[in-house]
Amino acid sequence: ADIRIGAPNAGRTRSELEGLIGFFINTQVLRVQVDERQSFAELLDQVKQVVTGAQSHQELPFEHLVDA
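Take the sequence shown: its position 19, counting from 1, is numbered 19 in my numbering, and each next residue is one higher.
Note that these hints are calculated values from the structure, not bench results. Since we're looking at a predicted model, the values are computed, not measured. Errors might be hidden in some of the hints.
[What the hints assert, rightly or not] Here are the simulated distance ranges between beta carbons:
| hint | residue 1 | residue 2 | range |
| --- | --- | --- | --- |
| 1 | Ala10 | Glu36 | 29 to 39 angstroms |
| 2 | Thr52 | Arg12 | 10 to 20 angstroms |
| 3 | Gln46 | Gly19 | 16 to 26 angstroms |
| 4 | Glu63 | Arg37 | 15 to 25 angstroms |
[Stated by the list, open to error] EDC-like mimics (lysine to aspartate or glutamate), calculated; alpha carbons at most 20 angstroms apart, straight line:
| hint | residue 1 | residue 2 |
| --- | --- | --- |
| 5 | Lys48 | Asp67 |
| 6 | Lys48 | Glu59 |
| 7 | Lys48 | Glu16 |
We put the beta carbon where it would ideally sit given N, CA and C, even for glycine.
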């Protein structure tokens, strides 16, 4: 099964935004492909890799993902 989840991200990756008040949240799309043959530990490892990878691209606006 191919599962996609939208997860909010704080959107404060730059130091100049740390002291500001405002709504900087960006939605990240996390995509996991679940295989019935994989163990739960393997699924958790896959989710960990997806979340870690998404963090490195957290400044990509959600609108760009939707339009792609």
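Verification of the hints:
For Ala10 and Glu36, the Cβ-Cβ distance of about 35 angstroms falls inside the hinted range of 29 to 39 angstroms, so the restraint holds. The hinted window of 10 to 20 angstroms between Thr52 and Arg12 holds, with their beta carbons roughly 18 angstroms apart. A C-beta distance of roughly 37 angstroms is found between Gln46 and Gly19, which places it outside the suggested range of 16 to 26 angstroms. At about 36 angstroms, the CB distance of Glu63 to Arg37 disagrees with the hint of 15 to 25 angstroms.
Distance restraint check for Lys48 and Asp67: the Cα-Cα separation of roughly 26 angstroms exceeds the 20 angstroms cut-off, and the hinted pair is therefore not satisfied. For the suggested pair Lys48 and Glu59, the alpha carbons sit about 19 angstroms apart, so the restraint of at most 20 angstroms is met. A distance of roughly 29 angstroms separates the Cα atoms of Lys48 and Glu16; the hinted pair therefore is violated under the 20 angstroms criterion.
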